[in-house]
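Chains as they are written, first to last, in UniProt numbering: chain A, 1 to 107; chain B, 1 to 272.
If you are wondering where the hints come from, they were derived from the structure by calculation, not from laboratory data.
Everything numeric in this text was worked out from a predicted model, so none of it was measured.
Hints are not guaranteed to be accurate.
With beta-carbon atoms standing in for the labels, derived distance ranges [claimed, not checked]:
id, chain 1, residue 1, chain 2, residue 2, range
1, B, Pro151, A, Ser72, 23 to 31 Å
2, B, Gly126, A, Gly35, 51 to 59 Å
3, A, Gly35, B, Gly222, 50 to 58 Å
4, B, Tyr64, A, Ser97, 34 to 42 Å
5, B, Leu124, A, Lys81, 52 to 60 Å
Where a beta carbon is used, it is the ideal one built from N, C-alpha and C, also for glycine.
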Amino acid sequence: MKLGKMATLPILAGFMMLPLSAMAHTPLFSCFDNGDGTIYCEGGFSDGSTAAGVPVVIKDSSGKEVKRLELSRTSDVEFEKPKGNYSVTFDGGEGHSIEIPGSQIFE
Amino acid sequence: MKKGFILAGLITLFSAASALAHFQMVYTPQSALETGGDLNLKLVFTHPFDADHTMDMGPVEEFYVIHQRGEEGQPRKTDLKEFLHEISWKSLDNEGKAYDAKIPSRVMRSMGDYVFVLVPSPYLEGEDEYIQQYTKMIMNVGGVPGNWHEPVGLPVEIVPLDKPYANWTGGVFRGVVMANGEPVPHAELEIEYLNHEPDMRRNAFKKRPGIKAPHPAFESMGIRANANGEFTIGLPKAGWWGIAAPDLVETEYNDIDMVKEAVLWIQVTDIK
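Based on the sequences and whatever the hints tell you, model everything.
Have a look at this one:
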């Protein structure tokens, strides 16, 4: 659903990902600013396994959790862009988490 | 004296044969990308090792990409013909009609595998045979694998058994030669190194070669698949390697004989 919708959006560039390394099951996470007031994030693992159900946590500038979502059946999620500084965390558990600062999520 | 003439004739014959390996290229400098974004591809029908002659491409029959994120992701096919425009590609001794494709970021943004497929129009080789090379080039964004190992359902194709975009220098690459959905036992294969780096801005091959072949047989190397259509090649040098399986299916086009051939491009990276 998300991919089909995304394909029609006029502004789609912008990408951020922080791949970890040296693990057999490396988590991967990327987020884009859709340019329409929403943020789109997708996750996965280096072995191709699904990241469906992995929690995605949005924190404010003080590190306080303001929203908790989870990746969909297609390993992605979309949410309204928070005001001010924020970060998005792929919470795959100890050693499998990736945090992306909002300042590094581009259109 | 007579022996000398025969030997000279054989050398000429082999030299000529070595220069006849056509490869349909689908080229971009880097196949494993950390992030997605706009992508520029060059579609050129040429001889990659010696870059001596580029053949004119006709209208493209099909050009598309199949993207899949993760093993459990759903493949998504996107037609790319709208992004093509004709260019003139400069080889070392001629220019030929080729294509430039500027793929927008909305196609190449997500993580996962991107299997690019090109079906060029048949090329009339001489006056008595058409050849048509079904060509694949596979890229990845972000490290999440997808459908790199899946057949895409072409009449002829080379299906990778190793990730085509993640190969270390000194390693090996394996694949299966397929025709009409079945492996081709003992299929013939030609392997060429893309020896003259493409200049994306000038639409040309750079003059300086990457390596020097000690003998024509090394320019277009010949191997055979095993009884299951599987093959393995060594990867001694970083860069792009073209793998072609010629003459897989014989048919007709415009009442002239035509052969369908499969081409796969893989990229090799140095360990640093």
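Of the hints stated earlier, which fail here? none
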